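Generate coordinates for the entire structure from the input sequences, incorporating the hints supplied.
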Amino acid sequence: MEVTPLIRMRNIVKKFPGVVANDQVNLDLYAGQIHALLGENGSGKSTLMSILSGLYRPTEGTIEIQGEEKRINSPSDALANGIGMVHQHFKLIESFTVAENIALSQTSGSVLISEEEIVEEITRLGEKYGLLVDPRAYVWQLSVGEKQRVEILRMLYNDSKVLILDEPTAVLTPQETRELFSNLRNMADNGCAVVFISHKLNEVEELADQITVLRNGRVTGSIGRSEINQTRLIEMMIGRDIITAYEKSEPSDKEPVLVIDNISALNDMNTLGLDGITFKVRAGEIYGIAGVSGNGQRELAEVLAGLRHTLSGSVKFYGEEVVGLSPKEIIGRGISYVPEDRLGMGLVPKLNSCDNVILKEYNSEKFSKGHFLKRDAAIAETQRIVREFDVKMGSIFQPVKMMSGGNLQKLLLGREIASKPKLMIVLYPVRGLDIGAIESVHKLLLQMKENNTAIILVSEELEEIAKLADRVGVIFSGKILGEFPVKEMDTEKIGALMAGIVGNGGAKA
Amino acid sequence: MKIRLEKSLAQNKTSQIVVPVVAVFLALLFCGVFLAVTGRDPFEVYQAMFAGALGSEYGISETIVKMIPLALCGLGIAVAFRMQIWNIGAEGQFYMGACWATWVPLTFPNLPFLVMLPFMIFMAALGGGLWGLLAGWFKTKWQVSETITTLMMNYIAILWVSYLVYGSWRDPKGLNFPLTAPFPDAALIPTFGALRVHYGIFAVLLLAVIFWLFFKGSKWGYETLVIGSNPVAARYAGIDIRKNVLLVMFISGAISGFAGMVEVSGIVGRLQPGISPGYGYTAISVAWLARLHPIAIVIVAFLFAIIHVGGFMIQTMGIPSAAATMLQGAILFFVVGSEILTQYEIKFSNKEEVQDE
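Respectively, the protein sequence lines represent chains W and G.
Mapping of the first sequence onto my numbering: residues 1 to 509, in sequence order.
Mapping of the second sequence onto my numbering: residues 510 to 866, in sequence order.
I should point out that these hints are in silico values taken from the structure, not numbers from a laboratory.
Each hint can be trusted.
Here are the computed lysine-lysine pairs in the DSSO-like style, where the Cα-Cα straight-line distance is at most 30 angstroms:
| id | chain 1 | residue 1 | chain 2 | residue 2 |
| --- | --- | --- | --- | --- |
| 1 | W | K493 | W | K479 |
| 2 | W | K401 | G | K752 |
| 3 | G | K728 | W | K328 |
| 4 | W | K147 | W | K91 |
| 5 | W | K328 | G | K650 |
The structure presented is a predicted model; accordingly, all values stated were derived computationally and were not measured.
The following block contains the structure:
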């Protein structure tokens with residue numbers, strides 16, 4: 001007898017302006033199962049679950065709940081249908097107590113609520129699932145892990161049968177993670193369907209009954225617990241086909257210009273983000289960093305850009321130490337950082353293209369005289385960048401937040417390239433771009449290489465690294481686990497390293 | 510059918526002018542209804558207000574007298590607000606400026622005019638500036654919200670002035686009133702003839718133009734704009750945020766402090782409690798309504814001064830001057846409330862749609 005899935009999502013398509021976030025996605029969720037959604041940032045996991053929890057409406061496709069087609073128009077619709085989601089950013093009111101927060105989300109019952117009853121119910125649920133938290137405590141008094149428990153209790157309180165957790169472990173300590181896992185298992189055993197969004201392989205391996213992998217908005221595979229194999233999962237996440245590399249020249253210099261030696265640094269959670277990272281890059285070389293995101297890529301880039309303090313180690317650039325220099329001094333040394341978050345860091349959304357083009361060089365003689373800016377020079381340079389890099393926009397005097405992702409990236413890269421850097425650190429340069437834009441961004445990077453710029457290319461697509469890079473280093477848990485010339489790149493071996501498996505024995509690093 | 514607001518893609522220049530003007534008329538209409546309900550003829554009241562504020566040499570003089578501190582404090586506030594530093598301490602900085610400036614004629618009563626006034630201006634800017642800088646320092650050092658500290662420091666500054674004029678600075682010949690001795694003539698800003706309006710108006714116009722030029726085209730104006738819009742990008746671009754927070758708080762406080770000196774030296778002629786009827790607070794509305802544009806600040810300050818003086822004038826009709834405060838409040842309410850229309854368009858649709866974020 002075939003069991004009817006609790007939730008059946010069929011041919012879900014979600015389009016945002018210029019981006020297809022989900023493309024013909026199918027997903028079945030069963031009661032009693034923990035289902036992991038695995039994929040890189042931007043692969044469409046969160047979008048898919050936001051559709052299920054009523055935040056977004058799908059462009060195409062249907063959702064069946066216990067065999068019955070339903071339309072979910074809002075989060076309260078979803079809750080009424082027993083679907084609840086814990087977002088990465090908790091949606092709790094800090095100055096309210098736990099009980100008050102949970103009462104707020106109540107979907108049924110009378111206007112008057114008895115605090116006693118809620119407290120009792122929370123205590124009962126907490127004991128049943130091992131989610132211990134004081135119902136009368138104020139939310140601001142709680143640790144991150146406890147806040148997460150409140151979010152979960154809130155779903156249980158509303159009789160949710162489908163519990164969606166978006167990267168729940170990102171904010172937890174290892175101890176809290178273990179507790180969360182046993183609680184989730186407990187809930188599944190009590191008949192809930194649990195969806196667990198993650199990009200961490202070992203967690204998924206530990207917890208999931210079924211794993212569905214998304215890549216660029218499509219499902220690339222779905223496997224059961226018995227078939228789990230890390231290398232295979234990596235392949236599904238990052239793609240296996242290696243497309244012929246672009247024509248590129250060997251870097252002429254043999255001596256490295258950038259020597260990163262044993263750098264350690266904390267991440268935003270104050271745990272070790274970089275753990276003795278060491279590698280060298282030559283002028284005219286593209287050094288690809290492959291790895292599942294969140295393994296220290298951003299921290300590395302921020303250290304090089306002077307935006308993050310180091311604990312130990314040194315970075316020599318053309319023989320001079322750059323650790324400890326201010327971001328301004330580092331820009332002055334010709335080091336350019338192209339961040340992954342274009343509007344959050346690389347550009348100022350509210351300002352127009354001209355003001356964004358001068359962002360890092362407004363102080364230079366090129367764009368200023370004395371205390372004042374040279375408006376004409378900024379306009380001329382902006383027009384030049386727009387022409388040369390084929391940036392499409394309404395007007396150079398419009399706020400850049402109105403531009404599409406591809407054009408934003410071209411403007412950002414155009415600005416950085418125009419500053420003629422000697423080293424470029426480029427993070428996920430083609431994320432969210434369409435094929436045409438990807439092609440032109442790649443051409444630009446190769447052109448920089450020809451001009452003898454050293455480039456560090458951080459990417460989640462092995463394909464991209466194979467096409468562009470001369471050498472590849474695999475980053476895992478803040479360390480470079482292995483380094484190869486791209487010509488000798490072996491996808492399987494790199495996949496294993498990306499999962500932290502070193503050597504043939506499969507021992508974890 | 511559903512009505513919803515959609516973020517408009519193009520920024521509409523005309524709507525940025527038209528919407529506030531319409532909003533001011535709506536505010537007049539709103540208060541007009543209120544006046545009508547209480548049995549007055551709103552046209553008569555408004556006419557009396559404007560005639561009172563602008564219909565005579567005396568009225569115009571009084572209006573400009575009120576406009577000067579509003580515009581100066583408004584400029585000081587705008588410097589900070591542009592960087593999203595919420596300095597609401599203009600009132601306290603105003604008092605500190607007045608206090609430090611007063612120290613000069615009290616200590617050196619015989620200085621010549623050309624030394625006395627510049628010295629007073631310098632001390633006022635220093636006093637107000639340091640008062641602002643202190644809040645800025647708390648912010649950079651311990652991330653203390655400047656909104657709270659600047660507000661609290663207002664009370665300290667106001668009470669500090671009271672402490673002095675009730676205590677050691679009290680004029681021995683002042684019949685025990687809480688006043689300092691009157692300033693010597695050399696410490697007074699010259700006035701236009703027999704009117705109260707004084708040369709401080711030139712400082713207002715000069716500073717407005719200077720700020721306008723700096724906001725528009727200077728490196729520093731650009732830095733503060735970037736910090737205000739996206740501090741992460743500012744750090745990424747190598748802009749020193751800490752230094753700018755301190756600098757901006759100092760300049761912001763210095764301008765409001767200067768306003769305090771202009772008031773004691775140009776109008777009051779001595780230091781006493783209550784030298785400001787809340788200029789530093791009203792100036793927040795002024796700066797906000799002017800969208801932090803220096804030239805617009807002068808214009809809005811003039812408008813508020815008209816309402817203020819007009820409100821005073823209609824007291825002879827038996828209407829409390831609080832009516833003017835109500836009108837100021839209504840204008841702020843309608844202008845800020847309608848601001849959303851410059852950024853959003855109203856769309857009517859038949860389809861029920863979930864709005865994507």
